[in-house]
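Order-wise, the sequence lines are chains A and B. Going by our numbering, the first sequence opens with residue 1, and the numbers climb by one from there. Going by our numbering, the second sequence opens with residue 1001, and the numbers climb by one from there.
I should point out that these hints are in silico values taken from the structure, not numbers from a laboratory. Be a bit skeptical, because a hint or two may be false.
[Claimed, not checked] Distance ranges between label pairs, derived from CB positions:
| id | chain 1 | residue 1 | chain 2 | residue 2 | range |
| --- | --- | --- | --- | --- | --- |
| 1 | A | GLU86 | B | ASP1143 | 34 to 40 Å |
| 2 | A | LYS378 | B | LYS1126 | 28 to 34 Å |
| 3 | B | ASP1143 | A | ARG42 | 19 to 25 Å |
Each residue gets a CB set at the ideal place from its N, CA and C atoms; glycine is no exception.
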Amino acid sequence: MPRTIVPIGPYHPLQEEPEFFSLTVDGERVVGIDVHLGYNHRGIEKLSEMKTFDQATFVVERICGICSTSHPFAFCQAVEDIFPMEVPERAKYIRTIIAEGERIHSHLLWLGLAGHFLGYNTVFMWAWKLREEILDVMEILSGNRNNYAMFRPGGVRRDIKAEDIPVVLKKLDSIVPTLDMLRRAVMDDPVLHARTKGVGSLSKKDALSYGALGPTARASGVARDLRKNCSYAAYDRVQWDMIVRQNGDVFDKLVVRVLETFESIKIMKQCLTALPSGEIDARIKNVPPGEGIGHIEAPRGECFHYVRSDGTNRPARHKVRAPTFMNLPTYKATIVGATISDATIILAAIDPCYCCTERLAVRDTKGTRLYGGEDLVKLSQEKTQRLRKELGVG
Amino acid sequence: MNRETVLQDLRKKFSGEIVEFMEKSPKRVYIEIKKDSLRKWASYMIKDLGARFNIASGVDSRAHIEVLYHFTLEDINLIISLRVRLKKTDLEIDSLGAEYPAANWIEREIHEILGVNFKGHPDMRKLLLSDDWPEGVYPLRRDYKEWDPNAIRDRGV
Chain A
1 MPRTIVPIGP YHPLQEEPEF FSLTVDGERV VGIDVHLGYN HRGIEKLSEM KTFDQATFVV
61 ERICGICSTS HPFAFCQAVE DIFPMEVPER AKYIRTIIAE GERIHSHLLW LGLAGHFLGY
121 NTVFMWAWKL REEILDVMEI LSGNRNNYAM FRPGGVRRDI KAEDIPVVLK KLDSIVPTLD
181 MLRRAVMDDP VLHARTKGVG SLSKKDALSY GALGPTARAS GVARDLRKNC SYAAYDRVQW
241 DMIVRQNGDV FDKLVVRVLE TFESIKIMKQ CLTALPSGEI DARIKNVPPG EGIGHIEAPR
301 GECFHYVRSD GTNRPARHKV RAPTFMNLPT YKATIVGATI SDATIILAAI DPCYCCTERL
361 AVRDTKGTRL YGGEDLVKLS QEKTQRLRKE LGVG
Chain B
1001 MNRETVLQDL RKKFSGEIVE FMEKSPKRVY IEIKKDSLRK WASYMIKDLG ARFNIASGVD
1061 SRAHIEVLYH FTLEDINLII SLRVRLKKTD LEIDSLGAEY PAANWIEREI HEILGVNFKG
1121 HPDMRKLLLS DDWPEGVYPL RRDYKEWDPN AIRDRGV
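Bound conformation, chain A alone (with noise of 0.2 Å):
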């Protein structure tokens, strides 16, 4: 059998990770997946030892676009603990806030994604239109809507005012109904259900092989989430739930990001509503020659940095390991034996970026038929028609 990959659909080089699928079918069913890395590979950890202290943690924050805070957050937390060092209560805070209000939009952008594979645009469009509510708030807190800057090793760069605060409390509670709305919608649909459950299921024992990490593996049973059991900024100052689900299908893949919208919604309110009052930042000066590792638990799993520094003002190795990198080869346990109008929402259950589902190419074992993105997004909306016919719905 030749093995010829052919790239189909356009090249996004603007979206982050641009990976190639390469799946291998026979008929309807995938018998095997490999995966292409490094179509955008742009050296950030190299970059990175070029950089000061301080410079770095804005070159790591452009990594991902839609977790923008994420590599910050892991990567300041690195270097305290080369000291090791305590930031001051109230950035702890600040940055817990900022976390949270990043994973909601992160779990809305998502969401109306994986309605738009689906073929339901509506949700699509609620959840996008709910997201830009969460973006004002991130720009009333932090003055941009994305790439928030809000982070530097020690504390916080940027206070929160106190006359933001009601506006955006009243904004996180306007919130909540039309979330609330949107969770019914999508958990309580029987064509969703039928189109969602039982497939791409990962077992707990693969996800705890592959490393699964974040919502991927919460949704398989494995009740880890760095918040709770490694506690960091100030997340065991507040009530929440961790939120896990047993069957690791993408119907429960979607119910724990979905409910851990509303989790975030608490956290956020009860941090800023408690937030106290000092300093914003430790001030340090100089990083002394040690090696520290900052993990925090991003949108999509752990995010983990390791930092070592030779006393100079500039980290003399910077790891990053992002949380897609352990996810992405649960693809090998989901994905062999669904069928290809699964695959799309299979690969974006474990929610890596839009362009991964675009950049797939399907080969037939037999012939060499072959689809692009765009076609396996029509074959799965084309599915769910056909599912909504049969029950009689819409």
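Mind docking chain B on chain A? Use the hints.
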């Protein structure tokens, strides 16, 4: 399970395999190990202690290439990093990728950027670098000087 008993057990069980045992802080422990005992360590960490393999980081510290294997024990909020120092003339170490899928990709990455050979790795293709990247050139080494005027990557286009 608590931190003290875990660390005591490690010292006792691997007394002959430890080069340096450093308790940096209550949450971080770095253990330099002999490179031949890596598989034994990994098996004990993952299977017996139930630790989660975070990732490995490769570091070129000029005299050596270091590979650190980070494990998280979530129940007791502890990260144990196993450090292996490799001489630049002998960059070979046992692969964990065959037994633990979580280590598969990172070993491919360290192999191509630092030139560490992972013995027994099931699939040592390139992960991040392009397929036409020259053999034996490792971009994250301190002595990396490769510059090719014809290559797009070096013209900065």
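Results of checking the hints against the structure:
The supplied range of 34 to 40 Å is met by A:GLU86 and B:ASP1143, whose beta-carbon atoms lie about 39 Å from each other. Under the hint 28 to 34 Å, the C-beta atoms of A:LYS378 and B:LYS1126, about 32 Å apart, fit the expected range. Look at B:ASP1143 against A:ARG42: about 22 Å separates their beta carbons, and that is inside 19 to 25 Å.
When the structure is compared with the earlier hints, no violation turns up for any of them.
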